[in-house]
Every structure is written in C-alpha cells, then in structure tokens.
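Number of protein chains: 2
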Amino acid sequence: MPERIIIIGADAPALNGVLKYIDSRPAEAVVLYPEENPLPEFSCSALEQYLGRGIDFPERLRALSADTKNRRVLVRDIVSGSESTLEYDKLVFATAAAPSDLDVPGEHLTDISRIATDEDARRLRPTDGKTVVIGSGHNRLLTVSALMQHGRDQIEIISGPCPQGFDPLSGSLMDMVAHHMTEKGVAIHAGHELQRIERDKDGLRVVTDRATINADRIINAQFSRPLSAIAADAGLEIAQTGAVIVNESLRTSISDIFACGSCAAFKNVNCKTPIPGTAIRSTELRQATVLAASLAGAEPVFAAPACAYSVKLGDLTAAGAGLTVDAARRCGFTAMSSTVIQFDRAHFMPDAALMTLELVFDGPTRRVLGIQGISTMGDALSGRISAVSAMLTKKPYIEDVANLEVAYSPPFASAMDVLNTAANVADNMLAGINSGIDAREFRRLWDERENGDHFFLDCRELGNAQPFMERHPLHWNHIPQGELARRLDEVPEDSKIVLVCNTGTRSYEAQVTLRHAGFEDVINVDGGMSALRQSGVKL
Amino acid sequence: MPERIIIIGADAPALNGVLKYIDSRPAEAVVLYPEENPLPEFSCSALEQYLGRGIDFPERLRALSADTKNRRVLVRDIVSGSESTLEYDKLVFATAAAPSDLDVPGEHLTDISRIATDEDARRLRPTDGKTVVIGSGHNRLLTVSALMQHGRDQIEIISGPCPQGFDPLSGSLMDMVAHHMTEKGVAIHAGHELQRIERDKDGLRVVTDRATINADRIINAQFSRPLSAIAADAGLEIAQTGAVIVNESLRTSISDIFACGSCAAFKNVNCKTPIPGTAIRSTELRQATVLAASLAGAEPVFAAPACAYSVKLGDLTAAGAGLTVDAARRCGFTAMSSTVIQFDRAHFMPDAALMTLELVFDGPTRRVLGIQGISTMGDALSGRISAVSAMLTKKPYIEDVANLEVAYSPPFASAMDVLNTAANVADNMLAGINSGIDAREFRRLWDERENGDHFFLDCRELGNAQPFMERHPLHWNHIPQGELARRLDEVPEDSKIVLVCNTGTRSYEAQVTLRHAGFEDVINVDGGMSALRQSGVKL
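For the protein sequence lines, the chains are U and P, in the order given.
Heads up: the first sequence begins at 39 in this note's numbering, then just goes up one per residue.
Heads up: the second sequence begins at 39 in this note's numbering, then just goes up one per residue.
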C-alpha cells in the first residue's frame, strides 16, 4: 500500500514540499481543509497549479481533529454531514495564518477582506471610494502598499497595536513612514480603539472611541494569527503566538508530524522566541525543499531565517532584515541601534537620494542583530538590506558591516557607504563618543523648551540655520561646527546641549569637540534636520 | 623633535591615514612626489583638501630614492637642481598606479590622457569628435562608461589584452557587454595590435596591424601598473604585478615602511596572488583607518577585500565581487561558474528586467569565490553583488547563496531570487545534472552545424520556435519541453543534443528528462536565447 500523507490546510510550502516528496515514491497525498477556516481565499485559484499532480483535494471533506496516537484524522462530509476517519503515515500542518475577526458589533454588516500575504494584497481591486484599513504590523503595510500603488482609493487607517516585538520597523522609522503616508493623502488614526461597525441608509461607518469614519469598504489587516486549533488540540507544542513549533527539519514535537508555512514557528538563531512563519513567507520555496527531505527521513537544516522584506509605500520603500531594536530587547539582548541618513550614492549623481538606515546591535557583544531602513530608491535600499541579510546567519559583528564592500562606483554607492557609516556610528556609540536621540525624543525636548533645561544648537552654516533662528530667536542657537572650538564661551555650561545639523554628521563632530572641551551632557539628533523633516516635526 | 612621516606619492588613502595619525600627536608629515611620475593629474585639485592640515607639500622637491638603512630619502630640487636628503621616522609609499606609456612611435604627437580611476574618468570632458580608447580591463570600462554617459563622443575602442586573471568579467559576460556597446554605436576593434600614431594635415590617426582609425583624441586606458620603481630600488618586496606587497596592517617587508592605495598589493584570503590596490579603490577610507592605526604601532587588520565594483555602460550596468572564473583558475582553484538569466523581480512587475549572474565557485569544496553580472537595472544588480560581497570574507558555500534571503516583495525580488537560482544551478552542475555551454561555445557548434554532429533542439512553445525553424529547416529542431517525455523517439540517439529555451530553465528540465531516458550527451545553453541575443549571436 502506498504511503499516505495528509496535509491539513493548503499553505503553499507544504503542497510544494509534499509534491516534491511523492514525485519519486509510491506515496499519495490528501489535502483536508480544517473546518474552522476564516480564509475566503482558501480554495482559490492558487490551488489550480496542484491539480492533476498526485495530490487529492476532496472538496467535501473538512478536518475536525487529529488523533495522533492512532494516526488518523477525523473528517466531516459537509454535504452529507457524516463523519469518518482517514489514516495517515505522515501528517503535515499547513493551516496558514490570518487576521482574526475584528470582534466588534456590526462586523457581519459588510464583506471584510482579510489581508495576510502579498498575494492577498495583490488581489485587492481598486475602488474610487473610501477604504478603511484596520490593522497593524506587516499586514497593514502590505495593504496600504497595494492601495497606494492603485492610487484610486481614499485611504484611512485605524492603526491598532502590533504584538510587542513584531513591528516591521522601530517607532522612529515608523513615524517617518507615517509622515510620508500622510503627505500622500492617507489619513492615519493611531491609538484608536475600534468599537463597532454601523450601516444604514447613509452608508457604512467605522466607529472608534474617538471618531466615526465613513467607509465604502473595510479591510482587516490585523496582525496574523496562526490557524492552529487542530494542532493544539492534537497536543503539539505551540508557541506563545499560537504557532506550531518546529525544529530545523520542520518536525513538530510529535513524530511523523510536520508543519510549515505561516501556521508554524521556526527555531531562531538570533533569539529564544521562535520566528513566526508569517514573517518569512519569502522562504517558502526553501521550506518546501526542507520538508521534502524531512519527509524522506533525512535531517535537513532550514537555515535560520533573516526575515528580509521590502515593501513599497507610495514613493517610499521600507525594508528590513533580522530583529528591530524592540524585538531584540524582547529577545533579551541589550539592544541598541544607530540611525544614519546619508545619500545612497555619490552626492554629485543627479539621482542621489537620502537613505535612512537603522542598524540594530547587541551592546555588550557588538553582534549585529538586524537592520531596517527607508528610502525613495527602493532597489538601492533593498540591496543594502540584502547585504546585511546575507551576513545574518553567520553572526556578524559591527566590524563586519563597517568593512562590508558595497559594489562601488559613484552611480551606485558612496566610497564610505551609508551602510558602513551606520556601523561606524554604532562603533562611536559604544565608544561613548556619540549619544543620539531620535525625532520623537527631540520633539519631546523641544516641546519643553520654555523650561530652559536644554540648549538647542544648530551647527550648520548660517544660511541653513537663519530661518529657524528668526522663527525661534529665544531657543534656536547657532554656531557653525567649524567655529565651535573657538566659540566655546558661547555654550552654556549648565545646560544640556542638543546638537542638530543636516544629517547628523557635523553634529557628531561638534559633539566630539564639546566633549573634548569638558561638556558632559551633549546629545545630537540622529539624522539631523533630515530625520526631523521626514518624521513631520514642525519647527 | 616631532616624529617625521615621509609620504612618497600622494594617493588619497595614505594622505587620509597620515592626517588621522598626526592629528593627535607631535608629528609632521611631508609629501614628496617621485621624480618619475607619468600622472599629469598628480598635483591636481584633489590635493587642495589637504592644504593647511599639517601635511607639507614641498612643490620643488622630487623623491629620487630611499635609503632604508639610514632612514632617509634622496631628493632633488627641480628649480635649483641641487640634491639633498630628508630623514624620516616612518615612510609611506603612496605612488599610485597608472597605465604605462603606449610605447609606439608617434605617441608624443598628441596629448593622451591616462585613465586609472573613477575620478580620472569623471574629469574627462565630452567632445563631439571621435575618441579612440586604447585599453583593457577595468580602466577601459571606466573610460567608456564616462564617455557613454556624456553621449557626445563617437567612441572607438582598441581592445588590448588584460593581464591574465584581471578582467573584470568572464569572456561570456564581456561578450554581452561588448554587444551592448556595439548596439549603442561604440566601435570595438578587438585583438588589434597597436603599431603607431600618425598626425598630418588630415588629422590624427591610430594605426594597428589591421586598421587605420581616424581620431580627434586618444585615451590611454590600459591596465594600470603600480608606480613602484623607488620602492623596488629600496629593496621592498614586490609582487609579480609590480606592486608593493603589504601585510594585513599595510606594513611592507621593511620595518617602519608602509604602503597603501593603488601602488600596493594586499594579502588575499581567496587566493595566493595578492590583490592589486587598483582593484579595491572603494576601500580607500578603510585603508586610511588601518594605516593610521598601523603607524601608531597597533596591529590592525585590513579585512580581505572583496573588490566589489559596479560600472554603468550606457543602459547596462556590469558589476562584480570576488574572483572571476578565470582569475580563480589562475589562483589554483578548480573553478567553475553557473550562469543564469532571470527577471530581477516578480515577472508581473512592469519594470521587471532580465538580470544575468555568473556565480564562481570551487568545484571540489563548493566554496563560492565570486560573482559577476549585468543588468539594465543597476541598483538591483549592485544589491545582489553587494549581498555576495558581504559574505565573501566569511568563506561562503553554494548553500549559503542558495539560502540567501534577498529583501523580498514582488517589486524588488522573486520568491526564488535570481541569486538563489544561480546557486541552485551550481548545485545541479556539481550533481552532474546540468551541463551548460555559453554563447561562445554555442556559436562555435552552430557554425559547424553542417557537419551534423549536433542536434539543436528548441524546447520552447511553437510560437517562439517557429521563426527559427523556418529560417533553418534542416538544423533547428523543436519539441516543447512539456511534450518531450512522450516524443523521445524524435530525438536522435547518435547525436550530441544541444538544448535551448528562453533563459535556460526549461532546457535544464529537458536535459533532466533526456538524461533520465538514457541520452548521455546532452548540453543546454546557459541563459538560453536571452544569452545568445545579449551576446549578439545571429540566428
């Protein structure tokens, strides 16, 4: 009798892996949808490519539970209602993940799409009405990316909290992204609590604790939850996030049971917390290869994923690999990050654009843990992120990124590339000669400027500083960095000094000068005025 | 008495490194030009940035020789003619490198610029006349890049031989670059031997063994030779290329003597042959940092350079890192390379473009040694090259590139990225299930088609194949890959089979089918029709 593989769910890596496995063996495979399945796209066109290739899709059957002791799955026929069992030799969980229900009154009043993947987002059709996106994290970025690409919807976002550590960008980079979206006409309602959905003769409305927002359609782009109810009931080890935990060979805690795709959580070289499969959809083909080998009894190793992503939001691209500083802290690292803003190629190239990079590292060990960034030059940004992604499985240190050779000529990089600068700044931070603050912190200090605790010092040339000096004659001070060493008497000894320049380079040099001269309490604004502008700080 | 550093030559990394060193010390530095200096740009504006910063530039003095035993340099005053000596505590060679004289009669009849760096190329002004570029290797690419950027010169190239192993691209990639240049109106005279330069009332002419070419100006872009005569006379260890050999701390074979920049040759983790400084100009800032630490007595490590470069040639960008397959063979590796042509992002993105990558690896150990490629999407290509560059110092294997996570979403990469495919093809080559030929080899076999040794089989769909079948009814055969398994009887058993498809993917699958069916002598064309088209093969 041929070996039988049952796949619960139909996530692509499992189907591809099983196909590869049965290709050269007397084995058959059956896909069973789990009974509880909130994904309307679940039996969609993506399955067509698997038809006629040796995998059976009994459309009337739904999986109810797995009896792992007797190696069988309880199924119900949705037409006849009868229940029966199907035996398996090997079982693969591929139940995927999806945003859970909004769980507010009125949710049933309209058809709400759930967006959890690039493909889901790509399937969104444009409308000329108002689309309200309710969500957080990566799913929200994917959804807004697709809608901004269409350029037709009027977009409003109700931005909910993302589980701690799973934001794709740090707060300060996300502020810059949000500012860009706002400039492009997207309305963002951050921190609102969703209360209900209403529909009457005047139309559809989303009601939060602070606003009532008219909508033509609503999209659920909340953080994805693994659909692991059957796996959990069957006694498999489940992560805090609800995902099925697998080892490097995609094996679960029970023998002959495997899991992959976005219902799974993967061992992680960077962190004790397993990486959710939703974060590494780009590795689906690799997962399929590993699953096929693992089904065949080998001990293949699914290399620790870097979770490298890039997403286009209007003119801006956001990208990252590895851990954000928040995620790294949650993983127990003494995480720090260096943020730099610099041209992505030689400054004299006509298409040079600013790139903002945040390099995440562990302070005590100097180990690099991740990188995130934004830029209007998406390919150039993705290239820098991919370069760090390439190193991440090899446990790189700050020195490795400082020495990384970006493919150079002036049209493509700087001789001291923005990536190298990010590492050099990290080095200076650890040497105690660079302490920076982000735009959020600057805004807080600036809002309190009347109390006189801080001395705000613009160290650019006069032409740059003048408009701000005129607008804030009492609070905006100015000494060009080149003159600072001989004008130290103009710097108050009893204030905390906040230095600012265009991108953070000159203010760093000014900081060195001031520290050298005995000023202890000196900070500079990472990324300078560029960071403040990109974050929407009004001055 | 303050310590005195003498720098012979004025290459930027030495000046920057010495500046950094003397900044915090009672030390003085003197720059002496070597008497033999063919670089007209040597005392150019680039030096301005160093004036008034503690380095002395005695313009009348030229270095004649170094007496390393007594730690002094013999100098001549070019105004008075008098000779004297200058003592040093530490000596730095920074004599740079430059194309040597053309060494043919008539060279003095015109002003011939030498191009050895990005900056040299950038300083070239456009003309509306005909510019004849005589050169090879990277200098030739830089020169043509600048001239094509201007878009005004009529360009003719007399392409000489590059020292073995120092071509920036393999022969097959260079064929594609040459074809692109030709399509853009650049005339290429390959393999000509330069004989003389003539000038009379009709103008300037370059005469080779095979042609007489009119010229409005001539540019010498030959391979750069290190200007190391004084260093060699002083008894320093010199590489085969003429460069001053330095260790990881930029120290030469004699104590307290250092060298860096393009006159030096650097220890190389990939190969016994030291890397010439001309190949790693992008690391000049890193060299400066290492030199400063080394002058201070530390043992800094200049990490093995990856020689990552990218150069824009009209619409096409060529880029690379590490060794070419030729260079790797010269270094003693059993080098092989896998060439793939694939879209650089999801095929449905409107700006998707083909990227050609050649991954170089050592067959027996599977170690990755380098990568080169071409694409019209320069940033996307540079990003892939930088990712491999990032790994090269860590001795990566084929598996590392197969698993490399390129920052993914459809606008920036493929789920199975072109870079991963290059590694998978390498893996298949080593497993003996993929033997490919490049466009040159295909052309050779096709030119001999009348002798009937080879059976050329197009395995694309009929629409693609038909025009070629009509043009070559006797030699262009066609079976779509999907039908091959049941049409095996149409494949002759006694011929060598040459498979071709659009980019090499389907022909690889056809190769697997044929091998499985017992056909032993089957090869496919790497990169398929795309590679043939890019290489200018006419069919």
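Mixed in with the good hints, there may be bad ones.
The list makes no distinction among identical chains, and a pair is therefore deemed to hold if it is satisfied within one copy or across any two copies.
[What the hints assert, rightly or not] Result set (SDA-like, lysine to any residue): computed pairs, CA atoms no more than 20 Å apart in a straight line:
1) K432 - R405
2) K310 - F381
3) K534 - V68
4) K534 - A523
5) K168 - E66
6) K58 - N466
Note that these hints are calculated values from the structure, not bench results.
Hints versus structure:
1. K432 - R405: Intra 10 Å, inter 15 Å, cutoff 20 Å: intra and inter.
2. K310 - F381: neither (36 Å within a copy, 37 Å between copies)
3. K534 - V68: Cα proximity of K534 and V68: none, with 68 Å in one copy and 42 Å across.
4. K534 - A523: Intra 18 Å, inter 78 Å, cutoff 20 Å: intra-copy only.
5. K168 - E66: Cα proximity of K168 and E66: none, with 48 Å in one copy and 69 Å across.
6. K58 - N466: between (50 Å within a copy, 16 Å between copies)
Violated hints, listed in ascending order, are 2, 3, 5; each of the other numbered hints is respected by the structure.
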